[in-house]
Every structure is written in C-alpha cells, then in structure tokens.
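Undergrad: Sequence:
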Amino acid sequence: MIAGDDWSLILAGSAAGLATGVATLVGALPVLAFRGSERLHDMMLAFAAGVMLSASYLSLIVPAADFAMANGSTPFAAAGLIALGVGAGALSIGWIRARVTPPEAFTSNGAAPEVSQRVWLLLLAMTAHNFPEGAAVGVGFGSGEIKIGITTAIGIGVQNLPEGLAVAAALLTIGVSRRRAVLISGATGMVEPLGAFLAAAIVTLANQLLAPAMGWAAGAMLYIVAAELIPAVQKDSSDSRPIAAFVVGLALMLLLDIALG
1 MIAGDDWSLI LAGSAAGLAT GVATLVGALP VLAFRGSERL HDMMLAFAAG VMLSASYLSL
61 IVPAADFAMA NGSTPFAAAG LIALGVGAGA LSIGWIRARV TPPEAFTSNG AAPEVSQRVW
121 LLLLAMTAHN FPEGAAVGVG FGSGEIKIGI TTAIGIGVQN LPEGLAVAAA LLTIGVSRRR
181 AVLISGATGM VEPLGAFLAA AIVTLANQLL APAMGWAAGA MLYIVAAELI PAVQKDSSDS
241 RPIAAFVVGL ALMLLLDIAL G
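Numbering (full-length UniProt numbering), first residue to last: 1 to 261.
Careful, some of the hints might be misleading.
[Said to hold, decoys possible] Label-pair ranges, simulated between beta-carbon atoms:
no.	residue 1	residue 2	range
1	Ala77	Asp239	41 to 47 Å
2	Ala227	Asp66	26 to 32 Å
3	Val248	Lys147	30 to 36 Å
4	Leu209	Leu91	17 to 23 Å
5	Leu58	Leu209	16 to 22 Å
Since the hints were derived computationally from the structure, they do not count as laboratory data. Each residue gets a CB set at the ideal place from its N, CA and C atoms; glycine is no exception.
Work out the full structure, taking the sequences as your base and the hints as a guide.
TA: Structural data, given as structure tokens:
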C-alpha cells in the first residue's frame, strides 16, 4: 500500500518526467525553420549520430554503472551486467532491422527503403533510450532524495533538447513534414513520464532493473549509429561537412553531460 507522502513523491517524479519529455518537443522546434537539401539532411543524420554516440555512453552506460554499484554490485559485476544489456540491445535492433518492415507511414513519403528503415530504427532507439532516462528521474524522487531527482531531471531535460532536434531532423530526410516531424520527435519523449511514474512507484524493483535497461538502450543506439547513420553520412568522402556535424553533435552532448554533472 502506498502512503500519502509516497504518492506526493511519485506525482512529483512523474511531473518532472513529463517536463523532461516536453524538452524533447522543444528541442525539435528549430526544424520548423529548416530549408531542406540533401547535403543538409546528411549533416542532420551526422549530427544525430554524434548526439546518440555521446548519449549512449555518458547518459546511459556511465549512470547505469553508478546505479548498479549503488545497489551493491561490484565494479566487475556492474560492468558485466551492463555489457550484457548493451549486447542485448544491439542484437534486438539487429533482429528488427533484418526482419521487420517499417510502417507504411515511413515508406509512403517517397524516400528510398533503406532511408526509411534507417529513420524508423533511429526513432525506436531514441524512444527506448528515453524510457530509462525517465526512470532515472523517478528513482531520484521515489527514494526521497528530491534534490537528486530535481538535478537529474534538469540534466536530462537539457540533454533532450539536441536529441529532439536530431530525431526531427532525421524525419525530414524521409519527407515527413516539418510540423509532423516536431510532433513525432516530441512523442518519443512522452515515454519519460511513464518511466518516471513506474520507477518512483516501485523504486526498489526499478533500482534492480534500471542498470540493464539503460545498457539495453545504449546498445540499441550504438547499433543504429554503427550500422545506419555513419555509413549514410560517408556517401561522399570529399564532403567534410557531415563529419563536422558529427563532431558538433558529439561535443555538444559531452559539454551538456559534463557541465551538468
């Protein structure tokens, strides 16, 4: 039975998770002003690759290790647990890539099939990545450490700004309208309040599951970066702008993660 004070923490954690999810929508808004071109689309995908590569490590793998060790795992056991999660995430996305066809909404926009699949997989990976981020916020509030919960929510919310931009920009590459791209990108962040609510409500169980779940999300993102995004932006080796966009995305996420602790 959940006590009244506990419900206050759960609702506060859920509200904080909702705020971090909305940040994804806010981050996607700049695409409303973009003028599309093939070169710009390649740079957008490269930027998304940099964001995802950095986020998979600093926003997922490193915090997952901290969660695991805080719950009594040795450093070696924590590393093994997260490595298994990363492997499972990569394998599951690989299975989806090989066997599951993108929904019609992704194939009816005039884009090449491989481009549609690439963006669809990116969308799945970013949604999977957002759920454990919301859970991390919920754990902070559910444990009674409100200061930690607030700090975590602020950090994740700021990081979600470039992530929302990356997803929306990728959607433009398959012909999705700007407004729809913003809405779909924002929708990927709406799993965060759900993750926050569940984690705050069952914080003991969430503490045990959060580390491998974050590892799984990291593996999914790394697979998409390696198998889909990097090859896509290397189509023209003489054009260095996609590489520059990749570095900008990577550096931006590093800056946000490190500065926000």
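Undergrad: Under the constraints set out in the numbered hints, which ones does this structure not fulfil?
TA: none
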